[in-house]
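J.: Could you slot chain B onto chain A? The hints should help.
Heads up: the sequence lines are chains A and B, in that order.
Here the working numbering is used: the first residue of the first sequence is 176, the next is one more, and so on.
Here the working numbering is used: the first residue of the second sequence is 176, the next is one more, and so on.
Do not rely on the hints blindly, as some may be mistaken.
Note that the list lumps identical chains together, so a pair holds whenever it fits in one copy or between two copies.
Taking lysine-lysine pairs in the DSSO-like style, the calculated list, with each CA pair at most 27 Å apart, reads [said to hold, decoys possible]:
1) K532 - K577
2) K295 - K397
3) K532 - K326
4) K504 - K295
5) K256 - K345
6) K473 - K532
7) K326 - K295
Because the hints were derived from the structure by calculation, they are not lab data.
Protein chains: 2
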Amino acid sequence: MTKFRYLGINECLENLIKVVEIVIEPITINLSESLDMIAYNNIVSPIDIPPYDRSAVDGYAICGEATTSASPNNPIPLVIKHGSNKISCNEAAPISTGDRLPLGADAVIMFEDTYTDGTKNIVYVMRSVPKYANVSRVGEDIRRGDTIVEKGRLIRPWHIAAMAAIGLSKIRVYRKIRVGVVTIGSELRDGGIEIYSEGGIIDITSKLIVASLQEYRFIEPKWYGIVEDDEDKIASLIRRAVSEDDIVITTGGTGPSNRDLTFNALSLLEKDMRINVISRGVAMRPGRPTTIATINGKPLFMLSGFPVAAYIALRVLVIPFIARFLDIKGIEPIEVPATLTKRIAGSVGYDVFARIKAYRCGDSMCAEPMAIHGSGVLKTLLSSNAILRIDRNLEGFDRGEKVWIQLL
Amino acid sequence: MTKFRYLGINECLENLIKVVEIVIEPITINLSESLDMIAYNNIVSPIDIPPYDRSAVDGYAICGEATTSASPNNPIPLVIKHGSNKISCNEAAPISTGDRLPLGADAVIMFEDTYTDGTKNIVYVMRSVPKYANVSRVGEDIRRGDTIVEKGRLIRPWHIAAMAAIGLSKIRVYRKIRVGVVTIGSELRDGGIEIYSEGGIIDITSKLIVASLQEYRFIEPKWYGIVEDDEDKIASLIRRAVSEDDIVITTGGTGPSNRDLTFNALSLLEKDMRINVISRGVAMRPGRPTTIATINGKPLFMLSGFPVAAYIALRVLVIPFIARFLDIKGIEPIEVPATLTKRIAGSVGYDVFARIKAYRCGDSMCAEPMAIHGSGVLKTLLSSNAILRIDRNLEGFDRGEKVWIQLL
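One chain only, chain A, in its complex shape (with noise of 0.2 Å):
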């Protein structure tokens, strides 16, 4: 059995990145199916939106000099042009938002800055408009040659509305990742509270696993079941979920003692298939006993059967495994500015992930560090809101000081 040896976060997510052999194809969807999957490639206007200056209110295009001297004192009365592409400085088209100016306008003047007289046929301009005023300007929008959406971008709503601006209504981005997850332990079920009075324990982490894959729609997570302590059971059900999916989680079956036959399971894959540790145990609290592999290139993680210290190692080392390999911009952790209630203890040599409830006071965000009893307790992720690194060299932070929290 491989000793422990507890790489760094950041050394283990380069060193898998080195060696992975996954890809994630292009599949071309409808532009109104594309909320939250990552773009596949830039996206860059082929046009200027607007494609020409057109009106932004509804009113008279006019040229914006013809104006200059008006006051409701002192109207300038313009001929009224109806269904002409042009106009000349004495006289004004009706004109609706979103319009074309036509040639010889400028400027346009609101309905409401007008009267018009019985005739109908000479509007009088009671407010002098600069020009330009109430238009909206070519390629004031996009530009020809913006890159709107840039290759791994998280497609969001307003990406999706550049890019039907400029005419898309199919676009590329990466199909869903797959993502396997495998359940171990003899003690594990999957049902009601029956299972504690029979001596079992429900799996719980495996369905924290699949539903924080979920919140990510990018992300096809499928879960195998239930897998009992037995090293041939598990290398058949991880050998299994490797040939179907891009990367393998599992949980449970961990930690540096006589039962870590997850590790152990490896070896008998070895056999027929590339075997590749990449970490045995990673430098983080919780989370210590993770183990990071390749099979056939396929990235597996095994995680805790803890569901914190699981729900941990997801955040930061599986997603950001993913965003790493696609590059993808947008699914960062949101980090806030907060200032710490009390004291709290680092462990150096790990990078320690406590659980926080972060709450505004006064001008500023107040973090409070939760108790911390073991990485089962699955109430601090319950009543917390926000997560704080502290990092593998700091003793920890003092009460009062600034940090930055990652929100949940």
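T.: Positioned in the frame of chain A, the structure of chain B alone reads:
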């Protein structure tokens, strides 16, 4: 035509909630499909979790007091007892993580703090462990009677894990809220860039609205297409949407001009439907011409055709209406403190929503207001990542002032 009167956002929402008559029924779904849905009732734990004291590590279950004087120099011998659910204080029972403690045991010592002699019948304890060391106490995670998910709570991954822990496999949530979206405007088209050379405009606002609604998995948006500037046709499409959906949104055809067709279309429906105008105009910028009504008790939000104005109205009127109506907890915008990099003017009498570029600067966040060239400018949405609300009784904020911004 009813005159515009700009009612405050909060007043609009309160008045709407009072008269609205929609019912969002509960449905029973699998726990594994409940992510981001809204809990229909309080979910209370019928049991303690853990349901009994259990081991948090792999090791030997022992009496803590038997180890008081133990050290590497003074190992304490204990008799290994297999397969019994009871030990005495001179015994040690091998135990795995998650196993129930045998009667008589009150602590667990890890394997690595012990050694065994050749006989394999005696284990030597090299460390003193206090009572409850390495034990997960009964009820430590969740107590019987604890509310683990409140009615109206947006279901996140840890809620799913907690519900699984109390043995649930199906839960009741609100069914998806059906929101119909109708685009109004003869100049608008759905399609490619050839539309611009034909003098048309691509409808992007409905796409922004639909995608923004899709971000909430408990909402099911439906786009009804584009209807031309014809009051009969507008009325007929609104009628259809009202019959099929819980909430209807129109975009375009608004504004205090002679083209305010959407509002006029309402009077055509009055013959056989109950129309209740909640607010003709809202005291907000952008989004001032927004009209809110109910038709047969269903909310109708008549939003601007300008993408940014419509998006803001969606964020501050439509989503907050849904949140208040179902008393949803967990979808409030994330507000973070930031320092303004330049002065920004408000507009007394109107809540102003300014687009912000937020970024880290030193140990706080900086908020840079984006240039505002009217409500149609998509570019500000593409490059902004936050919104600042300037209350309608404020003249604005100074450079260097601390503000709360909402992250997008």
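J.: None of the hints should be skipped; say for each whether it holds.
T.: How the hints compare with the structure:
Proximity of K532 and K577 under a CA criterion of 27 Å is satisfied in both settings, with 15 Å inside one chain copy and 22 Å between copies. Taking CA atoms no more than 27 Å apart as the test, K295 paired with K397 passes in neither setting, with 70 Å inside one copy and 43 Å between copies. Taking the shortest alpha-carbon separations for K532 and K326, only the inter-copy value of 21 Å comes in at or below 27 Å, while the best intra-copy value is 35 Å. Taking the shortest Cα distances, K504 and K295 never come within 27 Å of each other, neither inside one copy (57 Å) nor across copies (57 Å).
When the C-alpha separation of K256 and K345 is checked against a cutoff of 27 Å, the pair qualifies neither within a copy, at 41 Å, nor between copies, at 68 Å. Taking identical chains as interchangeable, the C-alpha atoms of K473 and K532 are never at most 27 Å apart, the minima being 36 Å within one chain and 38 Å between chains. In this assembly of identical chains, K326 and K295 lie within 27 Å of each other by CA distance neither inside one copy nor across copies; the values are 55 Å within and 61 Å between.
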